[in-house]
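Undergrad: In my numbering, the protein residues as written are 1 to 258.
It should be emphasised that the hints constitute simulated quantities derived from the structure, not laboratory data.
Treat the hints with care, as some may be off.
Claimed, not checked - Derived DSS-like pairs: lysine-lysine, alpha-carbon spacing no greater than 27 Å straight-line: (1) K70 / K244; (2) K212 / K244; (3) K189 / K228; (4) K183 / K42.
As the list claims (entries may be wrong) - If you anchor each label on the Cβ, the simulated ranges turn out as follows: (5) S146 / F170: 40 to 48 Å; (6) S39 / N94: 15 to 23 Å; (7) V61 / T185: 43 to 51 Å; (8) M181 / L254: 33 to 41 Å; (9) S146 / L254: 20 to 28 Å; (10) D108 / N50: 42 to 50 Å; (11) F147 / S56: 39 to 47 Å; (12) S39 / G241: 43 to 51 Å; (13) D220 / K128: 17 to 25 Å; (14) L227 / F147: 15 to 23 Å; (15) A194 / K128: 20 to 28 Å.
Bear in mind the structure is a predicted one, so any value in this text is a computation, not a measurement.
Beta carbons are placed, not taken as given, at the ideal position from N, Cα and C, and that holds for glycine.
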Amino acid sequence: MRVLSLVLAAAAALSVSSPSLAQDKATEVLKESDTSFWSAWKRSAEIGVNGSAGNSENFNVRAGLSTERKTDQLATSAGIRYSYATSDGTRSANRGEAFARNDWILKDPRWRVFAKGGLEYDEFQDWKWRLNGAAGLGYSFVQRDSFEWIGRVGPAFSWTLQGSDPNPKFTPELDLGTDLMWKITERQKLTFSADYYPALDDFPSAYRVVAKAAYEVLVDPETNMSLKMGVEDRYQSQPGGNRKKNDVDYFLLLVWSF
Numbered sequence: 001m002r003v004l005s006l007v008l009a010a011a012a013a014l015s016v017s018s019p020s021l022a023q024d025k026a027t028e029v030l031k032e033s034d035t036s037f038w039s040a041w042k043r044s045a046e047i048g049v050n051g052s053a054g055n056s057e058n059f060n061v062r063a064g065l066s067t068e069r070k071t072d073q074l075a076t077s078a079g080i081r082y083s084y085a086t087s088d089g090t091r092s093a094n095r096g097e098a099f100a101r102n103d104w105i106l107k108d109p110r111w112r113v114f115a116k117g118g119l120e121y122d123e124f125q126d127w128k129w130r131l132n133g134a135a136g137l138g139y140s141f142v143q144r145d146s147f148e149w150i151g152r153v154g155p156a157f158s159w160t161l162q163g164s165d166p167n168p169k170f171t172p173e174l175d176l177g178t179d180l181m182w183k184i185t186e187r188q189k190l191t192f193s194a195d196y197y198p199a200l201d202d203f204p205s206a207y208r209v210v211a212k213a214a215y216e217v218l219v220d221p222e223t224n225m226s227l228k229m230g231v232e233d234r235y236q237s238q239p240g241g242n243r244k245k246n247d248v249d250y251f252l253l254l255v256w257s258f
């Protein structure tokens with residue numbers, strides 16, 4: 001691709017009679033060739049800690065790293081998160097996840113093709129590891145600089161490894177999802193996402209839902225430090241054992257963007 005750009009730059013230089021104009025044309029093409037997949041990424045690190053001591057002892061930590069990149073043709077995001085908690089010295093939460101998603105923007109920018117995947121670990125689920133993925137078509141119902149609402153639909157799957165069972169379980173699913181972003185002001189942002197995954201081999205009784213909502217406010221523009229608060233709900237219609245169907249996490253995090 002870079003070789004082609006250099007050829008175009010040379011052709012522009014030869015076809016323009018003015019040397020200065022030819023140089024400008026060549027420089028413009030070279031600048032375009034320098035824009036690669038590895039440029040224009042935005043990264044952030046987040047952490048939140050709370051605890052108590054005395055008659056009861058509690059400790060909770062939630063941390064994560066994420067990155068995203070948006071162009072006219074692509075919207076890419078990826079990251080990792082980890083949460084850990086103890087209550088009176090006993091571990092009560094131990095969960096981690098890695099995730100990635102890419103949207104290919106079509107000629108009509110309201111339409112897109114998406115693909116996403118994730119790997120989860122949760123010590124306190126009937127399963128210990130879960131690999132999931134989905135791909136399909138998305139549509140922007142509202143597309144503005146300050147507000148965006150996207151709907152998604154496509155086939156999906158989950159692959160779970162039970163605690164003591166060496167045989168993994170594969171479940172074909174459907175992903176019905178939505179994403180919402182509202183930039184309230186230059187310093188405030190509200191985000192929401194929800195995904196409904198019905199199991200195609202046990203419909204409609206078996207399904208899971210993942211929903212997240214967060215409010216983020218920039219508190220220090222010089223250091224790009226923000227405060228983020230939100231909630232995440234993970235629901236399973238058939239959690240297994242005596243486990244509850246809902247797992248709800250509330251969080252207050254300090255976010256550093258770089």
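Undergrad: What hint numbers does the structure not satisfy?
TA: Hints 1, 6, 7, 8, 13 contradicted; others consistent.
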